[in-house]
Amino acid sequence: MYETIAFYLFAALTIVMFTITVMSRNALYAMTSLAAGMIFISAFFFLLDADFLGVVQIIVYSGAVMAVYAFAMIFMDTLRDVKEKNPSKKIVFFLSGMVALLLVIILLTPLISEKVQALYPFSDEVGNAEAVGIVLFTKYLVPFEVAAIMLLVAMIAGIILASKRMDESITLKIDQEIEEELQKGKR
Amino acid sequence: MDYILSLLVFFPAVAAVLGFIVDRDNIKVYAITVAAIEFVISLILWMAYDPTNPGFQFTEYLPLVPAYGINYYLGVDGISLFLVVLSTFITLIGFISLTVEDNLKNMLISLLFLEMTMVGVFVALDAVLFYIFWELSLVPMLYIIGYWGSELRIYAAIKFFLYTFFGSLIMLVGMLFLAYLYYMATGTISFSIPDWHRLVLPFDYQVWLFLAFFLGMAIKVPMFPFHTWLPYAHGQAPTIGSVILAAVLLKMGTYGFVRFSLPIFPDASIALITPIAFLAIIMVIYTAMVAYAQEDMKQVIAYSSISHMGVIILGTFAMNVEGIAGSIFLMISHGIVSGALFMLVGNIYDRRHTKLLSEFGGLAKVMPKYATIFGIMVMASVGLPLTIGFVGEFLSLMGFYKISPSMTFLGGMSIILGAVYMLRLYKTTFFGPLTNEKNRNLPDLDGKELTSLIALTAVVIWLGINPNPVLKPINNSVESMLELMEKKAVTKEARELLHANTVKLEAK
Amino acid sequence: MITLNHYLVLAAILFSISLVGILRRKNLLMLFFATEIALNAVNIALAAFSKFYHDLTGQLFAFFIIAIAASEVAVGLGLLIIWYKRTGNIDLDTLQSMNG
Amino acid sequence: MEKYLYITLFAPLVGSLFAAMFGMKPKKLFVGIVASLLLFISFISAVILLVHVASTDEVVKAQLFDWITVGSLNIPFGFVADPVSTVMMVTVTLVSMLVHIYSIGYMEHDEGFNRFFSYLSAFVFSMLVLVMSDNFAGLFIGWEGVGLCSWLLIGFWYHKPDLSRDQNPSISPAWAANEAFIMNRIADLGMLIGLFIIYWHIGSLQYDVVFSHVNLFDISIITMMGIFLFIGAMGKSAQFPLHTWLADAMEGPTPVSALIHAATMVTAGVYLVVRSFPIYSQIPEIGLWIATLGAFVAVFAASMALVNTDLKRIIAYSTLSQLGYMFVAAGLGAYWVALFHLMTHAFFKALLFLGAGNVMHAMDDELNIFKMGGLYKVMKWTAAMMIIASLALAGIYPFAGFFSKDKILEVAFDSHHYILWFMLWVGAGMTAFYSFRLIMLVFFGEERYKKYGFHPHEAPWYMLAAMAPLALLAIVAGFFEHSFEEFVTTLLPEYHFHMEGITKVALIGLTTLIALSGIGLAVYKYSKGGFSEKWKENPIYKLLYNQYYIPQLYDKLFAQPYRELSQIAWKELDLRLVDATVDFIAGIIYATGFKSRVVQSGNLSKMLRWMVIGLLILLVLVVLYSPVR
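Chains as they are written, first to last, in the numbering used here: chain P, 1 to 187; chain S, 1 to 508; chain U, 1 to 100; chain E, 1 to 629.
The hints are simulated quantities; they were obtained by calculation from the structure and are not laboratory data. In this text, a Cβ means the ideal position worked out from N, Cα and C, and glycines have one as well. Warning: the hint list may mix true and false statements.
[What the hints assert, rightly or not] Calculated cross-link-like contacts (lysine-lysine; reagent style DSS-like; alpha-carbon spacing at most 30 angstroms): (1) P:Lys89 with E:Lys606; (2) E:Lys536 with E:Lys371; (3) E:Lys525 with E:Lys450; (4) E:Lys380 with E:Lys450; (5) U:Lys26 with E:Lys595; (6) E:Lys61 with S:Lys472; (7) E:Lys595 with P:Lys90; (8) E:Lys450 with E:Lys160; (9) E:Lys28 with S:Lys365; (10) E:Lys28 with E:Lys160; (11) E:Lys606 with U:Lys26; (12) E:Lys556 with S:Lys427; (13) E:Lys534 with E:Lys371; (14) S:Lys365 with E:Lys160; (15) E:Lys595 with P:Lys89; (16) E:Lys371 with E:Lys528; (17) E:Lys450 with E:Lys534; (18) E:Lys556 with E:Lys160; (19) S:Lys438 with E:Lys160; (20) U:Lys51 with P:Lys139; (21) E:Lys606 with P:Lys90; (22) E:Lys27 with S:Lys448; (23) E:Lys450 with E:Lys377; (24) S:Lys438 with S:Lys448; (25) E:Lys450 with E:Lys536; (26) S:Lys427 with E:Lys25; (27) E:Lys542 with E:Lys371; (28) E:Lys377 with E:Lys528.
[Said to hold, decoys possible] A short, non-exhaustive set of chain E residues, derived as facing chain S with CB atoms under 10 angstroms: (29) Ile68; (30) Phe77; (31) Gly138; (32) Gly142; (33) Leu148; (34) Leu192; (35) Phe196; (36) Arg563.
[Unchecked claim] Distance ranges between label pairs, derived from CB positions: (37) E:Ile589 with S:Tyr72: 30 to 40 angstroms; (38) E:Asp583 with S:Ala48: 47 to 57 angstroms; (39) S:Ala500 with E:Pro284: 30 to 40 angstroms.
Only chain P is shown next, with the shape it has when bound in the complex (with noise of 0.2 angstroms):
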């Protein structure tokens, strides 16, 4: 019962929250809504008994994540409304609504087949934080190593990306004159 109203209750409020991201015409509301959703979606996650993914989704998506959009929406100038030429408003619903529709339609007809069987189990002696490092740091430990080596990789990139001619005031001057600069500066 719990479970029901949980599930209704988060679902109304993500779909609302992630609207208003969709929709919305000024970055940091989006941004702001984006972060609540990500919360809410973290619930979900502890309903499905999943508890080490809610707790990664919390940290990671609604900690790191929004941090960092947080941090690269000070390098723009994003608090007035963002101006666009937005194409027709029909296709964008039409073809969204249809996809939904198709896809709403696709899940809705029997799809469990019974010959699906488990891999791994759950089981009952362990927490499901455990059941996950097992499995983890067993079957899945190469593209973990990957996916760690690939995090650092992208840490450094968005670092060396983000960090050129971080000295200069990129919002008050435009790219020529750097470049003018930085010729004289050599000189």
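Fit chains S, U and E to the known structure of chain P by using the hints.
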């Protein structure tokens, strides 16, 4: 001795890689040495080959992807043995006669790679391996035509590549499906050709698979109407490119017929004899006519190649020992003769920088040695007895006579029309008065050219007089292949045809 | 009773919302937001599968997706900033250099 | 005895290779001498073989090694010396040897002296392979080998330019060489098919196997064998309709014409029919057909010789006509007669040609007999020998031709083929006429050559000496008729005459009569200055003079259409249709790419929209074709 085939395949490749560090000035000596060693290895292979054993010899087996039945599987039998020797021989001869100056190092290295792929195709007993070598052979050739060719080289090279590649892809689909059928039949996947040989397929599958393979092979051969890439490729390629293309690369197609189509799909092959023979006859007659109309020496020989390949196809689809052995022999002889003819055209091109027939005439007086060797090769090409060209043509036509006398008669037009265009070529080039002043002081063949050409001439005459050392191993392997075909044939017609396809005294 | 299908439909709806964002927004930053939503929608589906099939693989994939999302954000935003420095705007329609 | 077999066979090959070593060097006299000597050795050992075979009735056989062994086919290099082949060997080596010696003088001033001997000896080798082989494949080796040598020798003066048919009826040596080769190839295809038929039915190409099994087969199969082998023979022996090459082949040096295109190679067809007598004796209908064709050619060729003005062409047509006679004999089953005529013909025709060579030498290679005349005064020996040869050719007693040619007429009459006999009889008259027309115009009458500024001279003694044995044989060879018959009929079937003595005598009388009247007419007319110019306006004259317009016809009917068709095949079919189709398909693909390039606008939002549309399509497909329902 156990690893002689691997050695044969990879020695040129390793040598090619090492070739990058060889000094520019010494690269030619280096390459000739490598090719000579390779040739000697292939001769050792021939000597060590047991002609009485018709099966695959010197097999090497190494699982590569066992789950999918893909293995490193090499072996050689009477059918492929001489094509291997031919490849190494022509490469060596080609190197000796090479006159390219521009970027010589790259050319020699790509030729060595090409040699690897050529030998690889002929000794591979795994379809995937075969396919890999088959496709890889396109790459060095693409580079050779595209870089060292004449004006239209890019067009010619791309046409060559895309056209043959298109056919091979369809063949690849056929191979995959065949492996799937093998899986359905036996429960394991195998790409091994001997395994496929033992697979009995229902007739309708055979036809479709045969057609898939046929397209790949037919473009390579090239059979009418898939032949138009060849004149461009030959016309634009440098001499060495044409030599290897005509001598060896085209043989991959006909070799494929003998190695894949006949033993794997015996019923389909027999059911389709008539349409294929029809195409082959068109090839023989039509391309002979086209060859006659050419204004460029090299194009004459290019089209003549197609015409001769028609006879090879006829022999292959004769479905008897005489015809198939003859067609394999004709592959070898055509390799040597057309290689030599392209080399000869290359010699005159080096001197005059033109290949147009109208530029020449009366050369016999200025270049007697050249005219003599050219004459011998022309005669071998038209199939004069006691030259290498006769044996194969005679046996191919003789074999096909058993299938259809009237079609043999039409295919036999090759000996008439071949004489027509070849003699016209010879007459306009060498006979008549010396009209063009530019030809007056042409030097005759020099030592380098003579070395390579005399070697070829010697082979032409030696194998013309005594073809048996070559014919015997071919004969045994072909006989066992035909036995296999008869055993696995599913349709009654095919079994009857194969059974009746020998000499029998028909008493009254 | 909440079944797998409930979760899947929710994921589908969230995914569609993200599609609206992807199609509608011309601001690159907003596009990033929309992609995050899409990824999260998929994560929900994966976690749901994991639960209802009793198989941890779904969760692990969700886990890897989070890792990928994090990397994507790091690199993507870095590029975005560079681009903004160069051109002073992050409008999607100004990115025409891939014109074939 | 095998030793002699090999000596006979390989001595000419050695000579050829020896001469070839000096092929590109300036003239070396010893090359000719060595080649002639080797031919002499070959001749001697051939004679030894002949004597041996004749005296012991033993057939000498030798096998060198296997040539082709595939499946059930086994072709060895096998040679045999039986009565037929020894006769041929002796004839061939004898004439060849004399022609070699003669050529030393004839080719004296030619820069291709060494090359010439190399080719000529190679020819002898090939011819010997042809006659000595003990199987059909070996015969075919020689068959093609002589074709090659003939090609080389006709085109010996390859440097001459192509002229129009009016200036030179054979266009050029190179052209004539190619024509000969190609015409022979057409026939060779027929012969190859004949070999295939034999192989697939009998399983062997060895003469003895084939001939001992041939009667086991259905008559239709034997008929096919006979027809296709004869097609081969038609090409080599220049029977209608493959005859045009022989006259054009006169472009070659005259000793070549004497050896190849009169005495030896062109008789190979007759040899083939004689050799395959077990086949042909089974199928008399085909034999009759062969005989009819032969009789037709005998008259047809003789008629062309009547009006021709070219010294060598007249003799060439005469050869053609005589080959017709031989085929009549062979076709009617009188194989030994055919062989006998073949031999005597070889002697007197070679002699005739060599005499013509002398005349040409004397006249600086002029060939028009109307520019000659009265040469008897300067060339007595040559004239005498040519008259002997002509008498032999005309069939006057006691010259060789009388015995052999008369025999053929007798055979025709005896087998009740009176029409054939009549044709041959007319042919005999024509033969006598044109032979003596030639003699009269060249050696007697007004000395027209003076007008054209020629200074004729007699040939050197050794050339005449080389001709002398031939002249002797042209006179006496006929007297060996009976011993010849006895010898060769140990192998060949005998021919039994049913005629009574009186008919025979009457026939001989009739034949001699027409020959004599032919001679008489020629002598009478041409001693009076010949026929009037008005004859040249006569359509029949024109028809004959232009060889029945057959070369022109072939040109229009085969050569030109082939040339044009080839052009069409290349330019219209190959380039415009086949290649264009390929390029068209490639073009479509390329154009599609070019057109759809617009999709890559670079606008990310548009691409995203496309992506979603694609997703939508995929989803629709999933709904429609969902595997899990």
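Hints, one by one, checked against the model:
Our distance criterion of 30 angstroms between C-alpha atoms is met by Lys89 of chain P and Lys606 of chain E, whose separation comes to about 14 angstroms. A distance of roughly 17 angstroms separates the Cα atoms of Lys536 of chain E and Lys371 of chain E; the hinted pair therefore holds under the 30 angstroms criterion. Distance hint between Lys525 of chain E and Lys450 of chain E is fulfilled; the C-alpha atoms sit about 22 angstroms from each other, no more than 30 angstroms. Pair hint Lys380 of chain E plus Lys450 of chain E holds up; C-alpha atoms about 18 angstroms apart against a cutoff of 30 angstroms.
Restraint check for Lys26 of chain U and Lys595 of chain E: the C-alpha separation of about 27 angstroms stays at or below 30 angstroms, so the hint holds. Restraint check: the Cα-Cα separation between Lys61 of chain E and Lys472 of chain S comes to about 26 angstroms, which is no more than 30 angstroms; the hinted pair holds. Under the criterion of a C-alpha separation no larger than 30 angstroms, the hint pairing Lys595 of chain E with Lys90 of chain P is consistent with the structure, at around 28 angstroms. For the hint linking Lys450 of chain E to Lys160 of chain E, the alpha-carbon distance of about 27 angstroms falls within 30 angstroms, and the restraint holds.
For the given pair, Lys28 of chain E sits about 18 angstroms from Lys365 of chain S by alpha-carbon distance, which is consistent with the 30 angstroms threshold. Proposed proximity of Lys28 of chain E and Lys160 of chain E is supported: the alpha carbons are some 24 angstroms apart, at most 30 angstroms. The hinted pair formed by Lys606 of chain E and Lys26 of chain U meets the criterion: a straight-line CA distance of about 11 angstroms does not exceed 30 angstroms. The straight-line distance between the Cα atoms of Lys556 of chain E and Lys427 of chain S is roughly 21 angstroms, inside the 30 angstroms bound, and the hint therefore holds.
Annotation: proposed proximity of Lys534 of chain E to Lys371 of chain E holds, straight-line Cα distance about 19 angstroms (limit 30 angstroms). Restraint check for Lys365 of chain S and Lys160 of chain E: satisfied, since their Cα atoms lie roughly 12 angstroms apart, inside the 30 angstroms limit. At roughly 29 angstroms between alpha-carbon atoms, Lys595 of chain E and Lys89 of chain P fall within 30 angstroms of each other, so this suggested pair holds. Distance check on the hinted pair: Lys371 of chain E and Lys528 of chain E sit about 16 angstroms apart at the alpha-carbon level, within 30 angstroms; holds.
For a cut-off of 30 angstroms, the pair hint linking Lys450 of chain E to Lys534 of chain E stands: about 25 angstroms separates their Cα positions. Proposed proximity of Lys556 of chain E and Lys160 of chain E is supported: the alpha carbons are some 24 angstroms apart, at most 30 angstroms. Proposed proximity of Lys438 of chain S and Lys160 of chain E is supported: the alpha carbons are some 19 angstroms apart, at most 30 angstroms. Between the alpha carbons of Lys51 of chain U and Lys139 of chain P the distance comes to roughly 19 angstroms, so the proposed pair stays at or under 30 angstroms and holds.
Of the pairs offered as hints, the one joining Lys606 of chain E and Lys90 of chain P holds, with about 15 angstroms between alpha carbons and a cut-off of 30 angstroms not exceeded. Between Lys27 of chain E and Lys448 of chain S the alpha-carbon distance is near 28 angstroms, which keeps this suggested pair within the 30 angstroms criterion. A C-alpha spacing of about 13 angstroms is found between Lys450 of chain E and Lys377 of chain E, which places the hinted pair at or below 30 angstroms, so the restraint holds. At most 30 angstroms may separate the alpha-carbon atoms for a hinted pair to count; Lys438 of chain S and Lys448 of chain S meet this at roughly 23 angstroms.
For the proposed pair Lys450 of chain E and Lys536 of chain E, the alpha carbon gap of about 24 angstroms is at most 30 angstroms, so the pair holds. Distance hint between Lys427 of chain S and Lys25 of chain E is fulfilled; the C-alpha atoms sit about 23 angstroms from each other, no more than 30 angstroms. Distance restraint check for Lys542 of chain E and Lys371 of chain E: the Cα-Cα separation of roughly 20 angstroms lies within the 30 angstroms cut-off, and the hinted pair is therefore satisfied. At roughly 18 angstroms between alpha-carbon atoms, Lys377 of chain E and Lys528 of chain E fall within 30 angstroms of each other, so this suggested pair holds.
With a least beta-carbon distance of about 6 angstroms to chain S, the hint placing Ile68 of chain E at the interface is held under the 10 angstroms criterion. Because the smallest distance between the Cβ of Phe77 of chain E and any Cβ of chain S comes to about 8 angstroms, under 10 angstroms, the interface hint for this residue holds. The closest approach between the C-beta of Gly138 of chain E and any C-beta of chain S is roughly 9 angstroms, which is under the 10 angstroms cut-off, so the hint is satisfied. A hinted interface residue such as Gly142 of chain E counts as satisfied when its beta carbon comes closer than 10 angstroms to some beta carbon of chain S; here the least separation is about 8 angstroms, so the hint holds.
Hint status for Leu148 of chain E: holds, given a least beta-carbon distance of 6 angstroms to chain S, under 10 angstroms. Taken as an interface hint, Leu192 of chain E checks out: its beta carbon lies about 6 angstroms from the nearest beta carbon of chain S, inside 10 angstroms. Proximity of Phe196 of chain E to chain S holds as hinted, the smallest CB-CB distance being about 4 angstroms (cut-off 10 angstroms). Using the Cβ-Cβ criterion of 10 angstroms, the hint placing Arg563 of chain E at the interface with chain S is satisfied: the shortest such distance is roughly 7 angstroms.
The supplied range of 30 to 40 angstroms is met by Ile589 of chain E and Tyr72 of chain S, whose beta-carbon atoms lie about 36 angstroms from each other. Hint check: Asp583 of chain E to Ala48 of chain S, Cβ distance near 48 angstroms, so the stated range 47 to 57 angstroms holds. Under the hint 30 to 40 angstroms, the C-beta atoms of Ala500 of chain S and Pro284 of chain E, about 32 angstroms apart, fit the expected range.
Of the numbered hints stated above, none is contradicted by the structure.
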